[in-house]
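Asks: Respectively, the protein sequence lines represent chains H, V and S.
The first sequence: position 366 = 611 (this note's numbering), numbered continuously.
The second sequence: position 258 = 259 (this note's numbering), numbered continuously.
The third sequence: position 195 = 241 (this note's numbering), numbered continuously.
Hints listed in this document are in silico derivations from the structure and should not be mistaken for laboratory results.
Since the structure is predicted, the reported quantities are computational estimates derived from the model, not experimental observations.
Each hint should be verified, as a subset may be incorrect.
What the hints assert, rightly or not - Here are some, though not all, of the chain S residues that point toward chain V, as calculated from beta-carbon distances under 10 Å:
1. 95
2. 156
3. 159
4. 163
5. 197
6. 214
7. 318
8. 338
9. 339
To be verified - Restraint-style ranges between C-beta atoms, simulated for each label pair:
10. H/465 with V/164: 46 to 52 Å
11. S/171 with V/134: 37 to 43 Å
12. V/182 with S/234: 24 to 30 Å
13. S/234 with V/151: 56 to 62 Å
14. V/88 with S/316: 49 to 55 Å
15. V/135 with S/315: 57 to 63 Å
16. H/549 with S/137: 38 to 44 Å
17. V/87 with S/127: 50 to 56 Å
18. S/311 with V/88: 25 to 31 Å
Claimed, not checked - Here are the simulated SDA-like pairs of lysine to any residue, each with C-alpha atoms no more than 25 Å apart in a straight line:
19. H/506 with S/319
20. H/581 with S/68
21. H/411 with H/440
22. H/343 with S/318
23. H/343 with S/59
24. V/57 with V/7
25. H/386 with S/171
26. H/380 with S/193
27. H/386 with S/170
Virtual Cβ for every residue (Gly too), placed ideally from N, Cα, C.
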Amino acid sequence: MRQTESRWMVTLVLCAAVMLGMAHSHAWAKEPYRIGGVFSITGASSFLGDPEKKSMEMAIEEINARGGIDGHLLEAVIYDDEGDPTKAVLNATKLISKDNVIAIIGPSLTPTTLAIVPMVEKEKIPLISCAAGIKITEPVKPFVFKTAQSDVLAVNAIYSHMKKGKLQKIGIITVANAFGESGQEQLNAQAAKYGIEIVQSESFGAKDTDMTAQLTKLRSANPQAIVCWGTNPGPAVISKNIQQMNMKMPLYQSHGVASPKFLELAGDAAEGTYLPTGKILVTGQLAEGDPQKPVLQHYVQEFEKKYQMPVSGFGGYAYDAVHILAKALPGTEGNKEKIRDSLEKVRGLVGVTGTFNFSPTDHNGLGEDAFVMVQIQKGNWKLLEK
Amino acid sequence: MLQEVLQYFFSGVTNGAIYAVIALGFTMLFGTTGLINFAQGEFVMLGALGLITLWKGLDLPLWLAFVLSTAGVAATGLLLERLAIRTVRKPHPIVLVIITIGASILLKGIAMLAWGKDARSAPPFSRHPPLEVAGATLLSQSIWIIVIVVLVVLALQAFYRKSLTGKAMQACAINQKAALLIGIPSERMTLLAFALSAGMGGIGGILVAPVTMSSYDMGMLLGLKGFCAAMLGGLGSSWGAVLGGMLLGILEALGVGLFSSSLKDAIAFFLLLGILYLRPSGILGEKAVHRF
Amino acid sequence: MRQFTFAAAILALGLTVSQSYHLQLLTFIGIHTLLALGLNMLMGYAGQISLGHAAFYGLGAYGTGILTVHWGFSPWAGLPLTLALTFVVAFLVALPMLKLSGYYLGMGTLGFGMIAFVVFREWSSLTGGDSGLVGIPALDVGGVSLSSGKAGYFLVWACVLLAFFACERVVDSRVGRALRAIHDSERAAAAMGIDTSRLKVWVFVFSALLASLAGFLYAHLVTFISPNSFDFLVSVRIVTMVVIGGMASIWGSLLGAAVLTILPEWLHVFTDYEMVVYGLILMTIMIFLPQGLTRGILDIHERSKRKDTAASSAPRS
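With these hints in hand, go ahead and build the complete structure from the sequences.
Replies: This is the structure:
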C-alpha cells in the first residue's frame, strides 16, 4: 500500500513537472511582444526622456516577472530622438519597419509626437505618447493615446486655488517653447471661467540667463499673483529673480518644475511657491484611502532602489503607458487593430499619474484628480487641502 | 516709468557685461590669429561648472576657486590649440572653424559625462542686500560682475600697452609675417592667445554662474551672444567688444521692456543688422576683408 | 556620363532597398544634399558664408505648409508660390547683406536666421507656433500618393539629380568661372570686368531657392513641421556638411550630407558617449583631411595608386 502510494506520488509529481515544464517551454517558445520606445533621452529635454526610458524598462521587467502577457514576454526597443522631430520620424520608421513593434510609447515632447502621428496613423500602430500637448489627442486620432496630463488640468488646478484666495489680476510668464506655448494658451482660455484677468503676459527663452527685465514689466502691471510656466532651469532663475527684486505677490509655478531638482536649484527662493503636480511628489502625505497611494509607493520605492536617483513625476508617463498597454494586450495576439480597440476600453487603471478611463472620445483618460496643489514649505512639498 | 527704464538698464548692463567678457575672448583670439573659436561658449560653460564644483563642491575659498577655474579653462584652450588647431596642415579659416565646432561638441559631451545632465546653481559672490537706486534694484552680483569686467578690460589694456609680450601679440595681430621676421615667436603668441581667450571665456562663466543655472548645454547661447557682441563692436577691438556686449545686453532688456519679450531676440538682431549695414566692419572695427 | 551613372545608381538603390527605415534615411540624405549643394555654391564657389541657411529651408517648409493648411492650396500650386516668396526674400536679404564679408557676413546671415526663427515661432496663428504645424498634406500625382517610402525617395532624388545637373552647368559655365574668380580675389575679378556684387546676389538667391525646395520636400514628406527643425544649429550643420564633404565640390555636398545624416544614427550605440565620439570624428576628419572628404579620399586613393605602381615596378629580389 505504501509503495503504491509513493508510486502515485512520484507519477503525480512527474506529471506536474512535465506539465509545468511544457507550460514553461510554451511560454518561452512564444515570440515576445516587441514594444517600441522613443524618448528625448539626451538633449535639452533629457529631464523627461531619461526617467521615461528608465521607467519603461522597469515596467516591462515587472510585467515579465509576472510571466508576460498570454505567455508572451515583452521586449523593449528604445531609441533616442534628442528632441528633434526629424530624428523622431527616423526612429519611428525604424521601430515600425525594422523592429516590427506592435506599439510605440513616447515621444517625450509635443512636436516630436506630432511629427510621428501621421506615420503611426498610416501604419496603424498604437501610440501612447508621454507628451502633454492638447493637440495630440484633440481631435481624437484612432491610434494615438497619451498618458501625460493635459495642461488644461494643471491650469484648472491653479485657477481653482486662486479663486479660493480671491486673486483676480494675475501676470503670467511662459517659456518660449511648446510647453510654455500650450500653458499660455490654456491660461488665457480658462481665465474668464474663473473670473481671472491676465494683466500682463511675458515670455522667456529656455536658456536665458536672467529674467529681471520681464519681471520688471510684470511688476509694473501690479498683478496680485504671478504664474510661471516652464521647465527647469528657467523657472528656478525666475524664482531667484523674484526674491531678489523683492516682489511679494504669490508665485505659482507649473507642473513642469515638479521634481526635487527645482528645490535644489531655487533654494530658499522657492519658499511659499504654489504648484500643481501629480501626486507622486507627496506620496507620503496622501490620505490612506487614496487609490493611487499603493501604486505610487511601489513606483517610488522600486525606481529609487533600481536607479539610485530621486524620482520625478515625468517617468510615470512611460510607466503608466506600459501598464495601460499591458492591460489592453491580453487576447489581442499582438494584432494592432485589436490592441487599439482594447486600449479604448481600458477603464479604472490606477497609475502613477492618475486614474485612466479611456473611451472612444477620450484618449487621455485623466480626470481632475490627476493634479493636486502643493506649496513649497521649508524646502519640501506640502500637500494643500482640496 | 523712470524706475522701470532704470531697472531694464541695470538688467541690460549685467547681461551686457557678461557678453562683453565672452566677446573679449573672441576678439582677442581673432586679433592674434584671425580665427573665430566656436567652442568659446563651451569655455564659458566649463568656467561656470568648474567654479560651482570647486567653490561649492570642494568648499575652496571663492578667490581660489575663481583662479583655479580660470586657469583650468585656459589650460583647456591651450590643449585645444596644441592637439587640434596646430596639427592642421594648410589651415583654411573655415576648416579651423569646423574644428572648433567639433571641439565644442566634444567639450559638451565631456561636460555631460562629468557633471551630468542636470543644471546646478551657485549663490551670489557675497550676501549683500540689493541696492535701491531710484526704486530700481541693483543686485550685489551685478556690481561684482561690472567691477570684475572693468578690471579685466583694464588689465588687458595694460598688458597690451605695457608688457613686451603684449606688444608682441599686438605686432602679430598687425602682421604675423613681419612679426616673425623681427623675431617674435608667433607660434608661442598663438598659444598664449588661445589660453588667454579661453581664460576670458572661463571668467565669463564664473561671473554668470551665480546669476543663472549652469548646465553642460548652457554654452551655445552665451557663445552666440558673445560672438554677436564681438562682431557688433568690431573684431579685433577690445573696447569694441565691451561696447558691443553692453549694447546687446541693453538692447535685449529694452526690447523686453518697451516691446515684447517674445520678440526680444528678433528686435535685438534686427537692430544689430541695421548697425552692421551702416558699419559693415562693426562699430570700432577696422575695414578688413576675409573670405572663405 | 557622370549624370547617367548617378541616375542609374539612384534607380538601382531605390529598387533594391525595401526597408522603409533605410528608404527614409536615404530620403533625408537627399534633402540634406539639396541644402548642402545650395550652400556649397555660395561658399565653395562664390566664397561667401551663410550661417542662416536654415531660414530659407524653413521658408520653403512654412511657405508651403501655410498655403496648403490654411489656404487650401494644392502642394503643386504652392510650390511656385513658395519659391517665388523665397526668391523675393532672398533677394531683399542679399542686397544689403552681401555688402558684408567674411565673418561679418556670417554674423549678418546668422542674425537673419534668428529673426526668421522667431517669426516661425511667434506668428502662431499661421505657423502653429512652437508645437508645430499639423495636417500638411502628402504630395500626390494624379491621385497617386507620393507619401510612401519609395515614392518619396524617388521624388527627392529626382530633385537632387536635377539640382546636380543645374549646378554642374553653372559651374562649368562663364558664370562658374566668374564665381571662382570672385572666390580667389574679388578685386581682381572686378578688375576683369565681372559684376561681382550682382553675381553674388544671384548665387545667394540660387542657393536660397535650393534650400527652399528642400524645405518644401521636407514639409510634405514628414507632413509636420516645427520651428526647431530650422534653428541656428541646423544652419551650422549645413555649413559643416559642406566643409566636411569638401568645398567647391558638387559631389562633396552629397558625401557631406550623407556622412552627417548617417553618423548620428550609427553613433546611437554609444548612448551617453555619443557627443564625445561625434565631436572627435568631426575634428579628426578636419585635422587629417582639411580639404574635405572628397578631396581627401581622392588624395589617399592617388597616393596608394602611386605606391602600388612604385611597388610593382620595384625589382623583386
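Asks: State for each hint whether it applies.
Replies: Each hint tested on the structure:
With 10 Å as the threshold, the beta carbon of residue 95 of chain S comes within range of chain V, its nearest partner Cβ sitting at about 5 Å, so the hint holds. Hint on residue 156 of chain S holds. Least Cβ distance to chain V is approximately 8 Å, under the 10 Å limit. Contact between residue 159 of chain S and chain V, as hinted, is supported at the beta carbon level, the nearest pair being about 9 Å apart and thus within 10 Å. Contact between residue 163 of chain S and chain V, as hinted, is supported at the beta carbon level, the nearest pair being about 8 Å apart and thus within 10 Å.
A hinted interface residue such as residue 197 of chain S counts as satisfied when its beta carbon comes closer than 10 Å to some beta carbon of chain V; here the least separation is about 35 Å, so the hint is violated. About 22 Å separates the beta-carbon of residue 214 of chain S from the nearest beta-carbon of chain V, more than 10 Å, and the hint is not met. Taking 10 Å as the C-beta cut-off, the interface hint given for residue 318 of chain S holds, the closest approach to chain V being about 6 Å. About 8 Å separates the beta-carbon of residue 338 of chain S from the nearest beta-carbon of chain V, less than 10 Å, and the hint is met.
About 12 Å separates the beta-carbon of residue 339 of chain S from the nearest beta-carbon of chain V, more than 10 Å, and the hint is not met. Taken as a hint, the range 46 to 52 Å holds for the pair residue 465 of chain H and residue 164 of chain V, whose Cβ atoms sit roughly 49 Å apart. Distance hint check: the CB atoms of residue 171 of chain S and residue 134 of chain V are about 41 Å apart, consistent with the given range 37 to 43 Å. For residue 182 of chain V paired with residue 234 of chain S, a C-beta distance near 27 Å keeps the hint of 24 to 30 Å intact.
Remark: the range hint 56 to 62 Å for residue 234 of chain S to residue 151 of chain V is contradicted by a beta-carbon distance near 45 Å. Our hint of 49 to 55 Å for residue 88 of chain V and residue 316 of chain S is violated, since their Cβ atoms are close to 24 Å apart. Our hint of 57 to 63 Å for residue 135 of chain V and residue 315 of chain S holds, since their Cβ atoms are close to 59 Å apart. Between residue 549 of chain H and residue 137 of chain S the beta carbon distance is about 60 Å. The supplied range of 38 to 44 Å is therefore violated.
With their beta carbons about 51 Å apart, residue 87 of chain V and residue 127 of chain S fall inside the hinted range of 50 to 56 Å. In this structure the hint that residue 311 of chain S and residue 88 of chain V lie 25 to 31 Å apart at CB holds, the actual value being about 29 Å. With a C-alpha separation of about 24 Å, the suggested pairing of residue 506 of chain H with residue 319 of chain S holds against the 25 Å cut-off. About 23 Å separates the Cα atoms of residue 581 of chain H and residue 68 of chain S, which keeps this hinted pair within 25 Å; it holds.
As the CA atoms of residue 411 of chain H and residue 440 of chain H are separated by approximately 10 Å, the hinted pair is consistent with the 25 Å bound. Pair hint residue 343 of chain H plus residue 318 of chain S holds up; C-alpha atoms about 23 Å apart against a cutoff of 25 Å. Among the hinted pairs, residue 343 of chain H with residue 59 of chain S is consistent with the structure: their alpha-carbon atoms are about 18 Å apart, no more than 25 Å. With a C-alpha separation of about 33 Å, the suggested pair residue 57 of chain V and residue 7 of chain V falls outside the 25 Å cut-off, and the hint is violated.
Our distance criterion of 25 Å between C-alpha atoms is met by residue 386 of chain H and residue 171 of chain S, whose separation comes to about 22 Å. Using a Cα cut-off of 25 Å, the hinted pair residue 380 of chain H and residue 193 of chain S holds, with the two alpha carbons roughly 23 Å apart. Straight-line distance between C-alpha atoms of residue 386 of chain H and residue 170 of chain S comes to about 23 Å, which keeps the hinted pair within the 25 Å bound.
Hint check: violations occur at hints 5, 6, 9, 13, 14, 16, 24; the rest are consistent with the structure.
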